[in-house]
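Participant: Next come the chains, spelled out residue by residue.
Protein chains: 2
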Amino acid sequence: MKSVNIGIIGLGTIGRGVYSAIKSNGSLIAKKTGVVLKVKSVCDTDKKALKSIKDKTVAKQFSADAILLDKDIDIVVELIGGVNPAKKIILSALENKKHVVTANKELISKHWKPIFDVAVRNNLFVNFEASVGGAIPVIRVIQKSFIADDISTIYGILNGTTNFILTEILEKACAFKTALKSAQQKGIAEKNPELDISGKDSAHKLAILSLLAFGRYVSPGNIYTEGISMIEAQDLSNAGKWGYSIKLLAIAKKDGGLLQLRVHPTLLKATHLLSGVSGTNNAIFVKGNLVGESLLLGKGAGSKPTSTSVLGDIVEIARQIAFVSKRNTLPYNLDYAREEKNIKKIEELEVPFYTRFSVIDRPGVLASISSILAKNSISIANVSQEERKEGKTVPVVILTHKAKEGNMRKAIAKINAMDYVTKKTVVIRIEE
Amino acid sequence: MKSVNIGIIGLGTIGRGVYSAIKSNGSLIAKKTGVVLKVKSVCDTDKKALKSIKDKTVAKQFSADAILLDKDIDIVVELIGGVNPAKKIILSALENKKHVVTANKELISKHWKPIFDVAVRNNLFVNFEASVGGAIPVIRVIQKSFIADDISTIYGILNGTTNFILTEILEKACAFKTALKSAQQKGIAEKNPELDISGKDSAHKLAILSLLAFGRYVSPGNIYTEGISMIEAQDLSNAGKWGYSIKLLAIAKKDGGLLQLRVHPTLLKATHLLSGVSGTNNAIFVKGNLVGESLLLGKGAGSKPTSTSVLGDIVEIARQIAFVSKRNTLPYNLDYAREEKNIKKIEELEVPFYTRFSVIDRPGVLASISSILAKNSISIANVSQEERKEGKTVPVVILTHKAKEGNMRKAIAKINAMDYVTKKTVVIRIEE
Chain B
1 MKSVNIGIIG
11 LGTIGRGVYS
21 AIKSNGSLIA
31 KKTGVVLKVK
41 SVCDTDKKAL
51 KSIKDKTVAK
61 QFSADAILLD
71 KDIDIVVELI
81 GGVNPAKKII
91 LSALENKKHV
101 VTANKELISK
111 HWKPIFDVAV
121 RNNLFVNFEA
131 SVGGAIPVIR
141 VIQKSFIADD
151 ISTIYGILNG
161 TTNFILTEIL
171 EKACAFKTAL
181 KSAQQKGIAE
191 KNPELDISGK
201 DSAHKLAILS
211 LLAFGRYVSP
221 GNIYTEGISM
231 IEAQDLSNAG
241 KWGYSIKLLA
251 IAKKDGGLLQ
261 LRVHPTLLKA
271 THLLSGVSGT
281 NNAIFVKGNL
291 VGESLLLGKG
301 AGSKPTSTSV
311 LGDIVEIARQ
321 IAFVSKRNTL
331 PYNLDYAREE
341 KNIKKIEELE
351 VPFYTRFSVI
361 DRPGVLASIS
371 SILAKNSISI
381 ANVSQEERKE
391 GKTVPVVILT
401 HKAKEGNMRK
411 AIAKINAMDY
421 VTKKTVVIRI
431 EE
Chain L
1 MKSVNIGIIG
11 LGTIGRGVYS
21 AIKSNGSLIA
31 KKTGVVLKVK
41 SVCDTDKKAL
51 KSIKDKTVAK
61 QFSADAILLD
71 KDIDIVVELI
81 GGVNPAKKII
91 LSALENKKHV
101 VTANKELISK
111 HWKPIFDVAV
121 RNNLFVNFEA
131 SVGGAIPVIR
141 VIQKSFIADD
151 ISTIYGILNG
161 TTNFILTEIL
171 EKACAFKTAL
181 KSAQQKGIAE
191 KNPELDISGK
201 DSAHKLAILS
211 LLAFGRYVSP
221 GNIYTEGISM
231 IEAQDLSNAG
241 KWGYSIKLLA
251 IAKKDGGLLQ
261 LRVHPTLLKA
271 THLLSGVSGT
281 NNAIFVKGNL
291 VGESLLLGKG
301 AGSKPTSTSV
311 LGDIVEIARQ
321 IAFVSKRNTL
331 PYNLDYAREE
341 KNIKKIEELE
351 VPFYTRFSVI
361 DRPGVLASIS
371 SILAKNSISI
381 ANVSQEERKE
391 GKTVPVVILT
401 HKAKEGNMRK
411 AIAKINAMDY
421 VTKKTVVIRI
431 EE
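Chains B and L are the protein sequences, given in the same order.
Start counting the first sequence at 1; every next residue gets the next number (the working numbering).
Start counting the second sequence at 1; every next residue gets the next number (the working numbering).
What the hints contain is simulated information worked out from the structure, not anything from laboratory work.
What you are looking at is a predicted structure, and each value in this text was computed from that prediction instead of being measured.
Check each hint, because a few of them may be wrong.
As the list claims (entries may be wrong) - Some chain L residues well away from chain B (every beta-carbon gap over 12 angstroms; in silico): (1) Glu95; (2) Ser182; (3) Leu236; (4) Gly240; (5) Trp242; (6) Gly257; (7) Glu340; (8) Lys345; (9) Arg362; (10) Pro363; (11) Leu366; (12) Lys389.
To be verified - As a list, the in silico DSS-like pairs of lysine-lysine whose alpha-carbon atoms are at most 25 angstroms apart: (13) B:Lys113 <-> L:Lys31; (14) B:Lys31 <-> L:Lys341; (15) B:Lys253 <-> L:Lys23; (16) B:Lys241 <-> L:Lys241; (17) L:Lys31 <-> B:Lys254.
Glycine residues also receive a C-beta, built at the ideal position from the N, C-alpha and C atoms.
From just these sequences and the hints, can you work out the full model?
Facilitator: The following block contains the structure:
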């Protein structure tokens, strides 16, 4: 049977997971595909990580060069994450005529162009299924299965940590900080959770999906991004009462000649397919002119689920190496991608809003808020003030009809400056 | 730009849909993939269908031979359905060195072996994504994305017609026949709905999924199959009260050295991902040792959604034709498939059951039923007799603990023979 040599660079959770998955499922993979995957070398700068690989036939390397310069290695699997030194390593692998598999969303979302330039020039594959949605095969599905579609909308729950936290706040009726701590204790959130809870991780993934689905590239730094740290249990229960869930959504939408790209907490109808996605699951909703509405759901992280995607990528390349002499490595969709300038400005967005005002309970407050909203062309759909505490702070929740975000921002700034407001107003967009 | 010639055989809903999709999305596809898809000829025995294709540059053929013998045609798209004459046409296309794309579940589920024998011998692709799950990319996902997984379980809602009927019975609290009629009026059920409502269509699809996921082939005729015609509104509402939905599930499961393959109405926990799949949607739940639990959901039928899958298949081949000189057409997983003899006998199955007895309301009936169940080693989990109509027929619903199906059948046969039973007992398996 043909055999393909692999070098794994980076032995964190995912790297060790891929190694273990090849160990546990390797003979099944060989039976299914006719190719034996052989891990020839692994590399990490951490001695302990290297020591965790017991197999003596696997070379343990401190330096990536030992893999990058090894003529016997066919596929380099980069699982370090982050831009540096991953970018240098991948470019060097490609210059050394090695195919690449990576799970690196930040790198692909920011530097796909120079990477694919070298890959196409050298007729090499760069596969990155695990970079978005963990075990969810969204990259292959958008690139291949839905290739004929004019995709108009993508909604993604692309970050398991934040989805877990939102589920936890709802179920335990606890504070954001408590839910975050619980996620950290369970190993679901990192010690420094900033990348996840700020929405930036989702923005990286959204940039990749936009590139593949629309052929339109926007650097993640130019994607409007909001995190979830201002969400309180009362927002989730208020939303529930009105028939909505709250999810951190990554949204990509064609809007006339413009493109909407945004990551923010969103009220979604409780009946929407994505509203039932709880805990660490990820899910991606895709709408196209042929396929209609489609949903992919699965584990968004974790070493085993992510291994599925990394190994699917490895096998695809391994079969090409084993069975095809002349290859077509041209990436689907990427060759027509262009830098997108026509992004819809967030101020121009028109959606309904959920707003929670923290105000002193006294006569005239609601009249003042309503009047400021009205002056900014924002009309009210629902108001709810359930608590009464004369002279104390109470929440007033208002759902608006569709309004321009720019107007909403002006109105909220004005209201926040009023003496009856005791805390910054929470504003959450509603997706219809 | 490179161009690939296509011949479409069969201009029913799907055939016309694929033609229209190429017309509407062809230039987008070319932009995305670098290949122009050119429909050179279409074929149908129905003059009216041929006339519906207005484009004068497309040759209209009465006979498939005009396409099969045309040296300029690269890909034959078979969309006739059924075994004859589709089998002959596909084999002839392959003998004439043409790649094949088909949506034909019956043909692939019954005759994949001779078809792939010729295809592999002639180094040709036979793609069949649209044969299972309409627009859901389950074939590619199981063959490629989850290739590294040891898949243990597949649950599929694979037939939109029956799922629509079950949804309709639940929502309208109507009879099966009324729901079927409504489905027929909406064009969701065919005039002769036998293939759908008997579960046979789902069995065809399950045979294909088992082949791909496990490499184990069972002819659809050997798959235990039950339809939905005995389901009444009260069964759906009873199930609901106990926290279950009822779905026509296609189930494939590894069970020790045996394989469970079965299609039947099933009580599923209301919290299960598949319980929320309503109307004509299809969905497939896959569990593997790496990927964990994964769900694919989308439109199971209709000309546009099905076109997505057919075109994904066409594009994959077209890019190979356009850009690769030596191809690897070896099908993933199929080359290791073997005929499966070790199917779990349905009598050996051990699951909990939902049973609805139609019995005369008189003292001693419940005691008699309980005693017969007990004698057959079946223990009761829940009993409900809500109506009281002394001397008249009332429903008695019993949920059992796990019991052997063989025992259950014996018990039910005995109970059905009792004088207090006025109608055949409804028995539905529960999936835990």
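Participant: If we take the beta carbon of glutamate 340 of chain L, is the closest beta carbon in chain B still more than 12 angstroms away?
Facilitator: 15 angstroms, holds
Participant: For leucine 366 of chain L, is the shortest beta carbon distance to chain B beyond 12 angstroms?
Facilitator: 38 angstroms, holds
Participant: So serine 182 of chain L supposedly isn't at the interface. Is its beta-carbon more than 12 angstroms from every beta-carbon in chain B?
Facilitator: 21 angstroms, holds
Participant: With the threshold set at 25 angstroms, check whether the alpha-carbon distance from lysine 241 of chain B to lysine 241 of chain L stays at or below it.
Facilitator: Holds, because 23 angstroms separates the two Cα atoms, which is no more than 25 angstroms.
Participant: Take a quick look at tryptophan 242 of chain L and tell me if its Cβ sits farther than 12 angstroms from every Cβ on chain B, holds or violated.
Facilitator: 20 angstroms, holds
Participant: Check the hint pairing lysine 31 of chain B with lysine 341 of chain L against an upper bound of 25 angstroms on the C-alpha distance.
Facilitator: 19 angstroms, holds
Participant: Taking the shortest Cβ-to-Cβ distance between glutamate 95 of chain L and chain B, state whether it exceeds 12 angstroms.
Facilitator: For glutamate 95 of chain L, whose nearest Cβ neighbour in chain B is about 23 angstroms away, the distance exceeds 12 angstroms, so it holds.
Participant: Can we confirm that no CB of chain B comes within 12 angstroms of the CB of leucine 236 of chain L?
Facilitator: Check passes; 19 angstroms lies beyond 12 angstroms.
Participant: Non-interface claim for glycine 257 of chain L: all C-beta distances to chain B beyond 12 angstroms?
Facilitator: 15 angstroms, holds
Participant: Does arginine 362 of chain L really sit off the interface, with its C-beta more than 12 angstroms from all C-beta atoms of chain B?
Facilitator: 45 angstroms, holds
Participant: Just to be careful, I want the Cα atoms of lysine 113 of chain B and lysine 31 of chain L compared with a cutoff of 25 angstroms; is the pair within it?
Facilitator: 18 angstroms, holds
Participant: Does lysine 389 of chain L clear chain B by more than 12 angstroms, comparing its Cβ with all Cβ atoms of that chain?
Facilitator: 38 angstroms, holds
In the structure shown, no violation is registered for any of the earlier numbered hints.
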